[in-house]
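Trainee: Sequence:
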Amino acid sequence: VLRFGSFTLKSGRTSPYFFNAGLFTTGEALARLGEFYADAIVASGVEFDCIFGPAYKGITLAAAQLGS
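Under the UniProt record's numbering, think of the first position of the sequence shown as 1, with each following residue one higher.
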């Protein structure tokens with residue numbers, strides 16, 4: 001899911017890594033990912049009052065975090 005290398009993003013920029021959320025193919029896997037994100041956000045100590053998920057795959061990831 002997280003790959004390292006040289007990737008050209010849709011924006012045209014180059015990135016040393018690429019996170020392919022499209023490889024999460026089950027609800028269980030997506031729920032686990034949401035838990036990991038939620039844990040990382042809380043552990044960071046950053047105060048927040050909302051979760052934003054950029055279109056299109058980000059919306060699903062944000063929704064998965066809200067359940068945690």
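Quick caveat, the hints were computed from the structure, so don't treat them as lab data. Just so we're clear, the structure is a prediction, and the values are computed from it rather than from any experiment. Even glycine gets a Cβ: it sits at the ideal position worked out from N, Cα and C. Do not rely on the hints blindly, as some may be mistaken.
[Said to hold, decoys possible] Derived DEER-like restraints, expressed as beta-carbon distance ranges:
(1) Pro16 with Phe36: 20 to 26 Å
(2) Asp49 with Gly5: 17 to 23 Å
(3) Leu66 with Leu2: 18 to 24 Å
(4) Gly5 with Cys50: 29 to 35 Å
(5) Ser6 with Ala62: 25 to 31 Å
(6) Val46 with Thr8: 27 to 33 Å
(7) Pro16 with Thr60: 29 to 35 Å
(8) Gly12 with Arg32: 31 to 37 Å
(9) Ala62 with Ser15: 16 to 22 Å
(10) Ser15 with Ala40: 16 to 22 Å
(11) Glu28 with Ile51: 17 to 23 Å
(12) Ser11 with Ala31: 16 to 22 Å
(13) Arg3 with Ala40: 30 to 36 Å
(14) Val1 with Ile51: 28 to 34 Å
Trainee: With reference to the structure, classify each hint as holding or not holding.
Mentor: Now for the hints, and whether the structure bears them out:
1. Pro16 with Phe36: 20 to 26 Å: holds, 21 Å
2. Asp49 with Gly5: 17 to 23 Å: With Cβ atoms ~36 Å apart, the hint is violated.
3. Leu66 with Leu2: 18 to 24 Å: Given range 18 to 24 Å: holds, Cβ gap about 22 Å.
4. Gly5 with Cys50: 29 to 35 Å: holds, 33 Å
5. Ser6 with Ala62: 25 to 31 Å: Because 28 Å falls inside the window, the suggested range holds.
6. Val46 with Thr8: 27 to 33 Å: holds, 30 Å
7. Pro16 with Thr60: 29 to 35 Å: violated, 25 Å
8. Gly12 with Arg32: 31 to 37 Å: holds, 32 Å
9. Ala62 with Ser15: 16 to 22 Å: holds, 21 Å
10. Ser15 with Ala40: 16 to 22 Å: For Ser15 and Ala40 the Cβ distance comes to about 20 Å; the hint holds.
11. Glu28 with Ile51: 17 to 23 Å: holds, 20 Å
12. Ser11 with Ala31: 16 to 22 Å: violated, 29 Å
13. Arg3 with Ala40: 30 to 36 Å: violated, 19 Å
14. Val1 with Ile51: 28 to 34 Å: violated, 20 Å
Hints 2, 7, 12, 13, 14 from the list above are not met by this structure, while the remaining hints are.
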